[in-house]
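Protein chains in written order, with the working numbering: chain A, 1 to 521; chain B, 522 to 1042.
Don't take each hint at face value.
[To be verified] Simulated restraints, written as ranges between beta carbons of each label pair:
{"no.": "1", "chain 1": "B", "residue 1": "676", "chain 2": "A", "residue 2": "492", "range": "56 to 62 Å"}
{"no.": "2", "chain 1": "A", "residue 1": "501", "chain 2": "B", "residue 2": "939", "range": "39 to 45 Å"}
{"no.": "3", "chain 1": "A", "residue 1": "240", "chain 2": "B", "residue 2": "748", "range": "55 to 61 Å"}
{"no.": "4", "chain 1": "B", "residue 1": "748", "chain 2": "A", "residue 2": "429", "range": "33 to 39 Å"}
{"no.": "5", "chain 1": "A", "residue 1": "431", "chain 2": "B", "residue 2": "676", "range": "51 to 57 Å"}
{"no.": "6", "chain 1": "A", "residue 1": "429", "chain 2": "B", "residue 2": "949", "range": "51 to 57 Å"}
{"no.": "7", "chain 1": "B", "residue 1": "1001", "chain 2": "A", "residue 2": "288", "range": "28 to 34 Å"}
[Said to hold, decoys possible] Simulated crosslink set (BS3-like; lysine-lysine; CA at most 25 Å straight-line):
{"no.": "8", "chain 1": "A", "residue 1": "139", "chain 2": "A", "residue 2": "224"}
{"no.": "9", "chain 1": "A", "residue 1": "439", "chain 2": "B", "residue 2": "802"}
{"no.": "10", "chain 1": "B", "residue 1": "960", "chain 2": "B", "residue 2": "745"}
{"no.": "11", "chain 1": "A", "residue 1": "413", "chain 2": "A", "residue 2": "188"}
{"no.": "12", "chain 1": "B", "residue 1": "960", "chain 2": "A", "residue 2": "281"}
[Said to hold, decoys possible] So these bits of chain B aren't anywhere near chain A, every CB distance computed over 10 Å:
{"no.": "13", "residue": "708"}
{"no.": "14", "residue": "734"}
{"no.": "15", "residue": "813"}
{"no.": "16", "residue": "890"}
{"no.": "17", "residue": "949"}
{"no.": "18", "residue": "991"}
{"no.": "19", "residue": "992"}
{"no.": "20", "residue": "997"}
{"no.": "21", "residue": "1008"}
Keep in mind the hints are simulated off the structure, nothing from the lab.
Keep in mind it's a predicted model, so treat the numbers as computed, not measured.
Cβ atoms here follow ideal geometry from the backbone N, Cα and C, with glycine treated the same way.
Protein chains: 2
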Amino acid sequence: MTVRRRRPLYHSHTSPAFTKQRNPEMLVSPSTLNIAKWSRAEFVFEAESDPSHFTQSWVTATFSNGDDQKVVRGFYDDGGRFLLRFMPQSEGIWTFRTESNIASLSGITGSVNCTPAGAEATGPIETDETFHFRTASGKAWYPFGTTAYVWNYQSDAVQEQTLASLAASPFNKIRMCVFPKHYTYNFKEPQRFPFPGNITDGFDFSRFDCAFFHQLENQIDALKDRGIEADLIIFHPYDRWGFAEMDAETDRRYVEYLVARLSSFSNVWWSLANEFDLLRKKPMSFWDGVFKQITADDPYGHLISIHNWHNPPIHYTSNDHWYDQTDPLITHASIQHHDLWFVPGWREQFSKPIVIDECRYEGDVDCGWGNISGRKMLNLTWEGVCAGGYVTHGESYLSDDEIIWWSHGGRLKGESPERIAFLRNILEEGEAKRLSPWKGRSHSQWDVTIGHMGDDYWLLWFGDSQPGFKLLTMLPEGKEFAVEIIDAWAMTVERVTGTWRSGDRLPLPGRPGIALRMTAV
Amino acid sequence: MTVRRRRPLYHSHTSPAFTKQRNPEMLVSPSTLNIAKWSRAEFVFEAESDPSHFTQSWVTATFSNGDDQKVVRGFYDDGGRFLLRFMPQSEGIWTFRTESNIASLSGITGSVNCTPAGAEATGPIETDETFHFRTASGKAWYPFGTTAYVWNYQSDAVQEQTLASLAASPFNKIRMCVFPKHYTYNFKEPQRFPFPGNITDGFDFSRFDCAFFHQLENQIDALKDRGIEADLIIFHPYDRWGFAEMDAETDRRYVEYLVARLSSFSNVWWSLANEFDLLRKKPMSFWDGVFKQITADDPYGHLISIHNWHNPPIHYTSNDHWYDQTDPLITHASIQHHDLWFVPGWREQFSKPIVIDECRYEGDVDCGWGNISGRKMLNLTWEGVCAGGYVTHGESYLSDDEIIWWSHGGRLKGESPERIAFLRNILEEGEAKRLSPWKGRSHSQWDVTIGHMGDDYWLLWFGDSQPGFKLLTMLPEGKEFAVEIIDAWAMTVERVTGTWRSGDRLPLPGRPGIALRMTAV
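Use the sequences and the hints to build the structure in full.
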């Protein structure tokens, strides 16, 4: 594993810097850590080495900075070490005090001096203006995700290649699993698992394999270094090891442990499951419980979602196999669907950001989810964005080495990524984009997805349609617009001569793959 | 108007052949008409010339042939003439006896000798095996419709061109309106209307313009001569003359008159409306009433449907703007929708043939419904057919003369018709096709629409997807299949060497537009 940890971990020990002390206000010790906002402090508390700590022991710390208070859960890292990690979200002195059912770990106090974030630091991603996202630092942020479910389980060489591919790609979020994946093209046995053991001898669900988690943490940090959010899939159904059917207490402890270990990582998102509705033994009430558990345990309020399998397959009027995406604990709807026509409806229905985390992948495998053309992948991405949503990329081209991006990472081979980069740049240049779908006559929009920001910025996507002209009836009266014709495939932007008004008849190329950008002048 | 009436109309007069007679059994007169099954007899009864007949007078006749009995409504054809038309559906002697509120027209008796249909005659189209159609003569029939809403209102030259285009096309059904159309590209004032009058002076809704109906009848016969069903749209919302907002009694009388005049035409289908939900002043109960009225009045049970405007536009879970297509009076669901993914669901939901009468048109006009590519039009047609439904074509290319097929007819310019002919031939060759959508794993069918007849015939459509191979998991165990790779655009059929079994890995071209035909050997 050659992923390097570039971000320093701040270690301190229970002695001598931190002493049992009943009065935390007194405790701004000389050894107070200086740590930039949204970075991670890690405290190491020593105890006897005993695997029963995994199930029997707990330690928490309450961090306070003025009125701001966070209760942070520590966790047992094996070998007699308890770790407790903290990500400060505001500047100033944070004091803390521990509690534990181990006497020596209870009442420990200390402090952290949170200094301003670096100019490049963004902090965690948050939702913004109901349907959109921003960085904690306040900048508009547009998810251009991709998917490589178990890149973290591949050889070091493939992992390095994945990170290099990501760094050169437009993608700023990756969907990835904690558990290994059992599925077509995914039958190699991993070397290490979240629990100690192997498929032959079984797993010890009363412990965790901490080396596995150290590795996962390095991978998440490596993503962070490349500006990529880790949309971490906590459960999934592609399983031969038993991780999809653990007992309720093991599930609970696993979720608790994961959140204790990882919530201090600023680039983590919680995805409760991929295709939760294929985890057939888990009832809806299970997912309700996990949402509550994570929301209670995560002091930082990371983005949290759940991802469906089923489209409405038979009766399009039925959506009872969709998790109730209106649940206020869900920060954004993480949807699988092939038809992005419905994005405006989902916005209205769910009142939160719509992220189509799967709408099929560019590729040529023998699976319905994985053989659309690069043009179709690009078409869907544009359509989703102009409808006021966001679309996650995936790629599944057949390969002799069976390293397929969608699952293993490796090398991107498709035609869509560079063109998705072109679209991302259109969103990122200039003022922050907060696109809403135009609520004009829906019928005329079979051929075009119209996104706009108020009256002054319009982004239209014609997709497969090929109009020979467009009446600019959507524009408000009394304003002049600069109009640019964008060829999304050729990645060209051509300014149309003059300025244009509501109702004007704009000639169009009459071929597929055309977008319009119209900006008030 | 140069459309010629090729089919003879059998005229007889009230005297001397038909006499008032109380005992119809006695009345096989020497002048009994000989008429082939599914042809049309027309009886002319004379009365005083008086326009009040349109509203005040009625005549019906009960036709009997053994136990078979039909009550047929006559109608006033102006100028003192009442007409009564009859289409026998079984061979033998049909006797009839009239009733009327005009004394001289009541109690008239006569007879018709129904002879066998000619070898080419098909009779009316009927539904068959829940989801399909056949001719009354018992042959499988596949709707490959097109749309030219008001071809019947165009100049004689354009009408002739339309009929020539249809004769050379794959289309065997046309959607057309009784009323003229007011809509973009449709602003010319017609010369004649179903009611006497004009837009300046208004219309006399207490009469009908019989010359208009004679012309319409010639047009329907001209379609019949070319093997084309007239899917007659009775109401529509594109109106500046007031036909969309007539009073309830005028609506009722108009429907009654239409059915009386046209139900004896073997190639008529009743389409209650195009985009009924845009006729905003007509409540659902109005349509319920029209279904009941036509079903009661049409002695022959012609196909009858109603066509929606709205897609589920916002909440995809809502379908309350769709007419209840499960109503047993509706023979087939005439649907407008852009996404044929839902065809299998509609089949289950409605349990009747699914005809997508609008899924957008090939063309380049500035309207969402009218600028898809020829490839997309073809893709939709294949998708609908392989899903066990049927798809209606349309074409709307911009034209200097503003003669656009979708509305005016004229000349077909698109790339899809010849390729739709190729598909129609695939259905028509060999045994009757009764395709059902395969109920295998729906998820894997994002890339392919799988139609089949039992175990032995499979037709797969990959559309935009581009798999590099296909595992033939859908085939039943223990059978061998001949496999053909069809390029729907190039219109080629290539037999793959050897025979194939369930689970085999079939190499595919890895490009869009591919179908597979697999037949048990």
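* Would you list, in rising numerical order, the hints stated earlier that this structure does not obey? => Of the numbered hints, 1, 4, 7, 10, 16, 18, 19 do not hold.
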